[in-house]
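**Student:** Sequence:
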Amino acid sequence: MAGTHGIHVHGDVEGSQVVVGDHNVVINAALGSSVSVRSEGPPPTRRRTRPAGRALPDRAPQLLGRDRELAALERWLGQGYPVQVYGPPGTGKSVLLRRYAADAATSGRDVVYLPAAGVPAEDLVQELFHACYETENYKPEPARVRRLMGSVRALLVIDDFQGSTAELAELMDAAPGCDVLLATAERHTWDEGRALRLEGLQEEPALALFGEELRRPLRDEEYEAARRLVTAVRGHPLTLVQAAADTTFEVDEDARVTGLANGLSDAASVLLRLLDALSPLPLSAKLLPILAGGVDKAAITELTSLALIGSSGTGYRTTGRVAHLVAERTGPARDAAKLAPALTAWAAATTATRHDIAAEAPVVCHVLAAAAHARDHAAVCALARTTAPALARSLRWGAWHQVLDLGAAAARALGSAADEAYFRQEEEVRKRALGVVALATAGGALAAGGVIGHIAGTAGHGGAAAGKTGFAAAASNPAAITAAVAALVVGGVFAGLATAGDGQPRARPTPSGQVTSLAATGTRPPDPISTAPRPLTRPPSPSRTSPRPPTKATAPPSPTLITSSPPTDPGQGPVSCPLAGGTLTLGAPAGGEATDDYAWQAFKECDDERTLTVDKTDPDHAAFGVTPTSCPKTAHPGQYIPASGPCVYTVRFHPPQSAEPGTQYQAHVIMRDDWGRLSMKVSVYGTVSAASTAGPSSTGPVVTGAACVCSPVRMPRRTQRF
Numbered sequence: 001m002a003g004t005h006g007i008h009v010h011g012d013v014e015g016s017q018v019v020v021g022d023h024n025v026v027i028n029a030a031l032g033s034s035v036s037v038r039s040e041g042p043p044p045t046r047r048r049t050r051p052a053g054r055a056l057p058d059r060a061p062q063l064l065g066r067d068r069e070l071a072a073l074e075r076w077l078g079q080g081y082p083v084q085v086y087g088p089p090g091t092g093k094s095v096l097l098r099r100y101a102a103d104a105a106t107s108g109r110d111v112v113y114l115p116a117a118g119v120p121a122e123d124l125v126q127e128l129f130h131a132c133y134e135t136e137n138y139k140p141e142p143a144r145v146r147r148l149m150g151s152v153r154a155l156l157v158i159d160d161f162q163g164s165t166a167e168l169a170e171l172m173d174a175a176p177g178c179d180v181l182l183a184t185a186e187r188h189t190w191d192e193g194r195a196l197r198l199e200g201l202q203e204e205p206a207l208a209l210f211g212e213e214l215r216r217p218l219r220d221e222e223y224e225a226a227r228r229l230v231t232a233v234r235g236h237p238l239t240l241v242q243a244a245a246d247t248t249f250e251v252d253e254d255a256r257v258t259g260l261a262n263g264l265s266d267a268a269s270v271l272l273r274l275l276d277a278l279s280p281l282p283l284s285a286k287l288l289p290i291l292a293g294g295v296d297k298a299a300i301t302e303l304t305s306l307a308l309i310g311s312s313g314t315g316y317r318t319t320g321r322v323a324h325l326v327a328e329r330t331g332p333a334r335d336a337a338k339l340a341p342a343l344t345a346w347a348a349a350t351t352a353t354r355h356d357i358a359a360e361a362p363v364v365c366h367v368l369a370a371a372a373h374a375r376d377h378a379a380v381c382a383l384a385r386t387t388a389p390a391l392a393r394s395l396r397w398g399a400w401h402q403v404l405d406l407g408a409a410a411a412r413a414l415g416s417a418a419d420e421a422y423f424r425q426e427e428e429v430r431k432r433a434l435g436v437v438a439l440a441t442a443g444g445a446l447a448a449g450g451v452i453g454h455i456a457g458t459a460g461h462g463g464a465a466a467g468k469t470g471f472a473a474a475a476s477n478p479a480a481i482t483a484a485v486a487a488l489v490v491g492g493v494f495a496g497l498a499t500a501g502d503g504q505p506r507a508r509p510t511p512s513g514q515v516t517s518l519a520a521t522g523t524r525p526p527d528p529i530s531t532a533p534r535p536l537t538r539p540p541s542p543s544r545t546s547p548r549p550p551t552k553a554t555a556p557p558s559p560t561l562i563t564s565s566p567p568t569d570p571g572q573g574p575v576s577c578p579l580a581g582g583t584l585t586l587g588a589p590a591g592g593e594a595t596d597d598y599a600w601q602a603f604k605e606c607d608d609e610r611t612l613t614v615d616k617t618d619p620d621h622a623a624f625g626v627t628p629t630s631c632p633k634t635a636h637p638g639q640y641i642p643a644s645g646p647c648v649y650t651v652r653f654h655p656p657q658s659a660e661p662g663t664q665y666q667a668h669v670i671m672r673d674d675w676g677r678l679s680m681k682v683s684v685y686g687t688v689s690a691a692s693t694a695g696p697s698s699t700g701p702v703v704t705g706a707a708c709v710c711s712p713v714r715m716p717r718r719t720q721r722f
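Using my numbering, read the sequence shown as starting at 1 and increasing by one per residue.
Quick caveat, the hints were computed from the structure, so don't treat them as lab data.
Do not rely on the hints blindly, as some may be mistaken.
[What the hints assert, rightly or not] Derived DSS-like pairs (lysine-lysine); straight-line CA-CA distance at most 27 angstroms:
#1 286 to 297
#2 297 to 338
#3 338 to 286
Note that the structure is predicted; figures quoted are calculated from it, not measured.
Please work from the sequences and hints to get the whole structure.
**Tutor:** Written as C-alpha cells, this is what we have:
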C-alpha cells in the first residue's frame, strides 16, 4: 500500500536526503527532483533537554504603563489559555511579548521564540519541531507532530504572525502542550483563547516615555506642549519616541514627516528606501550588504536614533507609517523587483548555504512577488530556479510551494517550456510527497463527511430526514467531502475580525490596554473571564512558576471529564474525531416546557452517547435537559468512521415559573468521544413566551455550525454569535 511507504526524491545536491512523513518519505537532491518508493521507517527523534533554535531578542528594560497588560498575560496563560496581543503597528506588541518571554525564561521556563513575519504556518511548524527535537532532515506529518509535541511544555512566543486564521489553527494544533502567546496586527478568532488589544498609553506613562526618550526631564515650558502632543497622537508609543528623537513637540504629522525627511543624510535616505521596499519584513545583516551594495553603519545609527528603523532579531526594518511617509519624501521609492538579480547572484554563490537561503525565504518570496507584479518574468524564473532546491532540501516546504507557483507562472508567461517543465515536476514531487503523508489522516476527512451531511441536511427545511439525504449524498462523493471540509475549515470555523487599522492613529482611542475575550458570546454577553469555559484537556505546564489558582471570580471549575472504554486497538491512541455543533432554538412559557428532537448525522464510532448531557458549567444549564432517543450501537469503538445511523436526542426547555416573557436562556448540549474529549457541542437557546404560545418555536432547529478535524486538545466551539 502507498500509505506504508515513502517517496525518494533526487535534487540539486547529490547524495543528500530528507524524510517527509511517518512512512519514510525520502527526498534526495540531484538533477531535478524525481520520486521513488522506499519501505524504511521514519528516522529516530530525540527530545531536546531544552528547546533550541532562535535566541530571544533583548529584554525591554522597562515597560511604562503596561502593568495591567502584563498581569492579564500572566493570568490567562496561567489558566491555560492561548493569548493573542493585537493592535496597530507601533503600540508595543513585540516589546510586550519580548518582556514577558524574557521574564519567563529568567524564571526557568522553556521558551520557544518564533519571528513569523512572512513565514508560512507550515514552515513555522517545522521550525517549532526542530527547536524541540533533535533529528536530521525530517519533516513529520501533522499527526506525528502533534503526538511528539504533546509532551512539550514550553511557552511558545510567535511574534508578528501575518497568516490567516486557518494557518493560525494549524500552528496551534501543532503545539498541544504549549502555552501560546502571539502578536498580530489584526485579531484572529478562536473560541478557547483570549485577546488583548494594545492601544496607546495613558497620559502619565506617555509623558514619562517622552521624557525618557528625551533623556532629560521636561522643562516647565515644554510640559503643556508635550501634553498636547500626547493627546493628539493618543499616547501612541512609537510616535512619541519618534517625536522625542527629533526633539520636536510638533503635533501636525505632515510637518513632523517633512522635518524628518529634510534632516536625513543621503546615505540614510537610501537605506530607508531600501528597507521600506521590503517592509514589513526585516532585512538581515547578512543580506544587507548584498542588496544595499555595502553597509553604512553611520546611516544605520542615524535611522535607529530617529526610531525610523528598529532592530528585529539579526536585522533591521522600518517602524510604521511615519517611516514609510519619510521614505517617500526622501526620493523615488525603491522597487523590490529590482532586487531580484542581486538576490539570485547571492543564492547561486558557493558561499550561500541552503540554511542561509532558507533563513531568507520571506525576503525571497517578497522579491519574487514584486518581480512578478512588475512582469519581470525572466528575473522571477532565475531567482525561483536558484532558490527552490535549497528550500526543498531545508524542509521549508511552505516557502518552496510559493516559489514554485511564482516560477511556474513566470515560465508560462515567458513561453519557456524547459522552465515550466521543471517547476511542474517539482510541484508534482511536492504534492506526491505530501499526498503520501495525507493518507494517514484521510479517515478523519471521511468522518467529517458525516458532519457535512448534518449541516447540509438540517441547515434548511426538512429536519432529520433532510439531514439523512445530505449525508448520503456527501458520503457518496469523496471529492465533495474533501472540498467541503476545506471550505468549512477556512471559511466557517475561524472567522477573522479585522480591527487593527493602518498603524499610527489619528482618532481618539478607547481606554488603554482594552482587554477582550475571544470566546463567542451568547444572547446575554457574559463577563469575558468569569463565565468563559476553561480548556478541557490541556494539562498545566509543570515548569510554570507560581501558577494562579483558579477562583470563582476568575474562572469556573472545569467540567468533569467523562471517559469510557478505550478503543479496540489500545496502541492506536486517541484519534482526531471531528468536532461538530450547531444551534437549536426553543420557546416555552414560564413554568412550561418545550421539546424538540435533534438528529445528529455526524455520530461516529468514537462517540459515546452515554456522555450526552447539558454542560453544567453554563449558568443557564438548569433551564434545559437532554435525553437520547436512539443512537446506534458502536461496532468499532475508538474509530472515527460514521456509525450505522444518526444519533437522535430530545432537547427540553423548561424555564422557571418566575421567568418574565422575553427572557432568553442559553446553554450547550455536549457529547464526548471514547477518550473524554468533546466531539459535539450544540448551542441551545430558549426564549420565554406568553402562555398561549407554549411549545417549540415555529422556527424549529436552526443549524449554524461548521465542522473541522480538530486536535486532541483544542476543541473550539462551532457556533459563533457576534
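**Student:** Hints first: check each against the structure and report whether it holds.
**Tutor:** Right, here's what the structure says about each hint:
no. : hint       : verdict
1   : 286 to 297 : 14 angstroms, holds
2   : 297 to 338 : 23 angstroms, holds
3   : 338 to 286 : 18 angstroms, holds
Checked against the numbered hints above, the structure breaks none of them.
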